[in-house]
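Q: Just so you know, the protein sequences line up as chains A and B, in that order. If you're matching positions, the first sequence starts at 1 in my numbering and goes up one per residue. If you're matching positions, the second sequence starts at 950 in my numbering and goes up one per residue.
Since the hints were derived computationally from the structure, they do not count as laboratory data. Just so it is clear, the structure is predicted and the values come from calculations on it, not from any experiment. There could be a bad hint or two in this list.
Per label pair, the in silico range of CB-to-CB distance [unchecked claim]:
id	chain 1	residue 1	chain 2	residue 2	range
1	B	951	A	898	58 to 64 Å
2	B	951	A	916	51 to 57 Å
3	A	813	B	951	34 to 40 Å
4	B	951	A	49	45 to 51 Å
5	B	951	A	42	30 to 36 Å
6	A	372	B	951	16 to 22 Å
7	A	330	B	951	18 to 24 Å
8	A	735	B	951	47 to 53 Å
For every residue, glycine included, the Cβ atom is placed at its ideal position computed from N, Cα and C.
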Amino acid sequence: MVEAGRSPNIEILSNARLEALEGKPGQFVARVHQEPRFIDEDKCTACGMCTMYCPRPVVDTYNERLEVTRAPHIDYAQAIPSSYYIDAKACLRVNYETCNLCAQTCTAKAIDFSQKPKEHALEVGAVVLAPGFGRVDSSVLERFGYGRYPDVVTSYEFERLTCASGPTEGHIVRPSDNKTPRKIAFLQCIGSRDETCGNGYCSTVCCMYAIKEASVAKEHEPDLDISLFFMDVRTQGKGFDEARQRAQEKYGLHVIRARVPRVEQVDGMLALTWTTDDGKSHSDLFDMVVLSVGLDSPEDAQSIAELADIKLNHYDFCKTTAGAPLATTREGIYVAGAFQGPKDIPESVTQASGVAAMASELLAESRNTCTISVTYPEEDKAIEAEEPRIGVFVCHCGVNIAGTVDVKAVRDYAGSLPGVVLYEDTLYSCSQDALKSIAEKIKENRLNRVVIAACSPRTHEPLFQETLRSIGLNPALIEMANIRDQCAWVHSQEPEAATEKSKDLVRMAVAKARLLEPLAQPTVDVTPNALVIGGGAAGMTAAISIADQGYRCVLVEKGRKLGGNLSRLAWTLDGQDASSVLDSLKKKVKDHPNIHVQLESQVESISGYVGNFTTTINSKGKTKVINHGVAVLATGAREYKPSGYLYGENNRVMTQLELEEKLKRGKAFLKNARNVVMIQCVGSRGEDLKHCSRLCCSQAIKNALMIKEHSPDTNIYIFFRDIRTYGFHEDLYREAREKGIVFLRYMPDRRPEVVRRGRGIAVKGFDRLMGEDIEIPASLVVLSTGIAPGDNVELAKVIKAPLTSDGFFLEAHAKLRPVEVAVDGFYLCGLAHGPKSLDESIAQAKAAAAKAVIPLAKGKVAVAPIVSQVDQKTCIGCGICESLCPFNAIRLVKVNKRRKAQTITASCKGCGICASHCPTLAISMGGFTDQEILAQIHAFSGGKCEDEA
Amino acid sequence: MSQYGAILVLGGGVAGVQTALDLSELGYYVYLVEKKASVGGVMAQLDKTFPTNDCSL
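Can you build the whole structure from these sequences, using the hints too?
A: As structure tokens, this is what we get:
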């Protein structure tokens, strides 16, 4: 977000709405109406005086109406744009020409009532719709006592209550009496999976956020007793099932599978009554009820559809297909995020990158025609060479740090350290106005070393480094002390000790900062080609996108033909003919001049670094060498083959994919099928594979409906644990029940068994409603066997890319970098990343293509300055470093007939293994020299900052 | 006339902001149109995120 606020090529139009869209793909004119903020963004310092003096209270919508603010305000401290604004509806000056108090108190003279609405006519080549989701109508919430009973709250309100920067600073209180509740119930599927309110779909995210909110609540108040009422627990995301299991065990959350029909109030308590699937009725009293509200289509969906001339689906979300999940019904207009269908953050971020690829494909020829490039002022080498003048900025991070650590005491302590000429505290150092003010103070005080005592350098160091660059200082001259994670968070119960530790960390950072040296910032040229490994749906989609964006790519497939698992599918989940999707992908790949396909080929080795890889592939026994700048991993996965269930022993037992292939060939075999029994989670969710395979529920029901269509008299039974037909797939589940398909829940300790009965077979299970064992004679038994990882181990070793414990490739960050691998220059999509449906694979492949093209489009990549450097005078050429380097980034060369080590700067990841093993201390790490680290250690032990250097 | 090298992104939530960032990196100018006074959408209101309980800002 802050990055978006800083990019010169992103213009944020706040308080704005689209009014009209004219023209055609490549040449649209968008008319945008923008309401004034009445506060000049460039002048506002976000001091908050205007809010303090304004007499006009307004409800704080950011805090879910749990708090009151004033007409001039900012939604939250880190908001972008980082200036305050005036709520025009409430302001006395705007509406009645009276007051004007804020303008008088504003010392920056930022308040400007002369601002008028603006009309923009924007010339754009493409449009991306990402309006998000809407709120479920309050009439639905009222059915559960919301509005009538104060202690019934929505999940949005509860989120703000658990938040440290929320209205209660993270204390969980009952709205009725402001006391801490003892028993809380979460009711799921409010406004979801509910035809009576028009939302027949599953909102996909509520199960996860409810578990998260319950876990956070338990962290804040360990004595809470929390029950969650689910119809099905739908934690089908990557790693989510395991996380749910851990949360349940760690926090003792009670998971109850039941839908609570209503909420009553009895003696100030909230009474719930429910029926479990064994037919028994239960009731209990709670202090507080949280309604896990679903995601509705955006309120303005209809008007957006009209303006953009696109179609909506039957739930008023954007209409898309499984083969083209990010395309609207109009060319040049794309969709990402919850407007495409309810989804979580990783999926939204993935789709966002995916639509960027779509727009980049369409507008490849006009790349770099409208952008502005940033130039940094020249580095001021003179000031860098002066005696260290250190500035220390201690961050409150709202109450994240200041709630525990005495920030002012840490700040004053910093002032006592040698070399420190400026010491200040800031509310949020990362906010745009704070960064501006830090930059100004560095200049005013001629600082040449900076210490930021705040959060993790992992997330925020680049931001502060950028600030230094913008004023002509080398970005290496900054040091961070992580007093949030390492002090405020881990020692939240011991504020004094946390404050002392913060002082220690600041003292150490200052000691190191005094020795910091500017580091060179090299860049390397990029070979403008890509390698795509894997020729399934994901690999083909990625290759086509990269090629359409104007770059050449080699597509390597180990099999004899393209298609992967898609070639075994008969229908997509939205009922399209899967072979038409496959054929269209294959045709595009074959016809594209930028794509070169290598069948029956496998990667043998990869060397190099982002921008310059050299890969050797084995193609039908011959070795080929490919030079490329980036690589996309789309190696897929395989259908899990179970043991047991008479699979492989009896030809009436088959997997879902085998059934689908059979159905594709003809329906005659259904003629005498009286009973078909499907068993879910064979292998998945703890049997052999730990993970949930995500799509087997939807696939099974899709196939069951297909059987019903051709053979209506066939009885179908589905044994399941939780039916996870998330999103619009819920429609399939409802249709299946309407058509008489019988669903029988089983518990993992009582799995159904397939047994021989004479010449036939039967499935033995337990009917929870009747409370008795049952046996169903089966004409066919179909096993939903889940998705097992492919042979990723070898490739992972070649690339040095990490795998998850389940054997899938691990992304660099689950939310922020869902399609990138931790190793620069590698991107990830499709089943290689984890189980997912066809539309999700395609969206992810587009996203990987967008990320992969970024370095190609830039033509250069910056190399991290934290690299090792060998002092060749001290080096004895022993070669230990070369043998230990995991990145092949150090080699021995002959210098004056002696062996000496040398770093390959572009390959070096700065891990420091070489430096720590060098027997003569000849290797030093940029930003982490021995002297710098020793100074830190001395500062820690000495208690005061001595001059060790 | 050739194509325009700018793109309009409607909505400044996590999806819109990420789209804008990627497009700007890919060499396009982006107009990010947000109906509220600040970008960030619902994600900015979240305290922590599932399953790692990372801060969402």
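Q: Now, for every hint given, state plainly whether the structure supports it.
A: Hint-by-hint comparison with the structure:
{"no.": "1", "hint": "B/951 with A/898: 58 to 64 Å", "verdict": "holds, 59 Å"}
{"no.": "2", "hint": "B/951 with A/916: 51 to 57 Å", "verdict": "holds, 55 Å"}
{"no.": "3", "hint": "A/813 with B/951: 34 to 40 Å", "verdict": "holds, 37 Å"}
{"no.": "4", "hint": "B/951 with A/49: 45 to 51 Å", "verdict": "holds, 49 Å"}
{"no.": "5", "hint": "B/951 with A/42: 30 to 36 Å", "verdict": "holds, 34 Å"}
{"no.": "6", "hint": "A/372 with B/951: 16 to 22 Å", "verdict": "holds, 19 Å"}
{"no.": "7", "hint": "A/330 with B/951: 18 to 24 Å", "verdict": "holds, 21 Å"}
{"no.": "8", "hint": "A/735 with B/951: 47 to 53 Å", "verdict": "holds, 48 Å"}
Hint violations for this structure: none, all hints satisfied.
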